Amino acid sequence: MSINKNIIDLLTVLLFNAIIYKKSYFKRGIKIMGKSISLTKNEQEIMNLLWEENRPLSRSDIINLSTERSWKASSIHILLNQLLEKEAIRVDGFVKTGKNYGRTFSPAFSEEEYHVMQFQSSGCYQQSKAASLVDFVSAFIQDEKIDRNTIDRLEALLEEKRKELK
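All you need for our numbering is the position in the sequence shown, starting with 1, plus 197.
No wet-lab data here; the hints were simulated from the structure.
It is possible that part of the hints are untrue.
Listed next, the in silico DSS-like pairs over lysine-lysine satisfying Cα-Cα at most 30 Å (straight line) [unchecked claim]: (1) K283 <-> K269; (2) K296 <-> K358; (3) K296 <-> K269; (4) K358 <-> K342.
Predicted model only: the values in this text are computed from it and were never measured.
Using the sequences and the accompanying hints, generate a full structural model.
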């Protein structure tokens, strides 16, 4: 009997969230590239936490893992809804917390994809896409200590792109 009640509770939560949050938050595999997403400092902190943990997190997980900040539950709720609205995160599932179910969240894109989006939306990239990309990679290679493995990966990516262009 309790299993059936748990299933009914879960279905109720799913339907409630689908209605309230317009179903769009349940999208999988959102393709964001080519789109600019601007994040506030607090939203960025939550995204960094999601990327670092590399697993879906609930609101209480975020509060517990944010040792440097003393987030209020209501603040996290607002920030998560803002990130959902921007399609920066998605609802990944639900976990039972006490008598209720809470949503778990995961990033809609990787940290690397986010940085690429920021670079692509920057003014210097828009002025001359090819030149700025070459300048960016050149500056990165000169300033950073790059190992042979990274060079091999970059070469493989370039070779893959060459094949696509043929």
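Hint-by-hint comparison with the structure:
1. K283 <-> K269: Given pair K283, K269 holds - Cα atoms ~21 Å apart, limit 30 Å.
2. K296 <-> K358: Judged against 30 Å, a Cα distance of about 52 Å means the pair is violated.
3. K296 <-> K269: Holds - the C-alpha atoms of K269 and K296 are around 21 Å apart, at most 30 Å.
4. K358 <-> K342: Holds: K358 and K342 sit about 24 Å apart, inside 30 Å.
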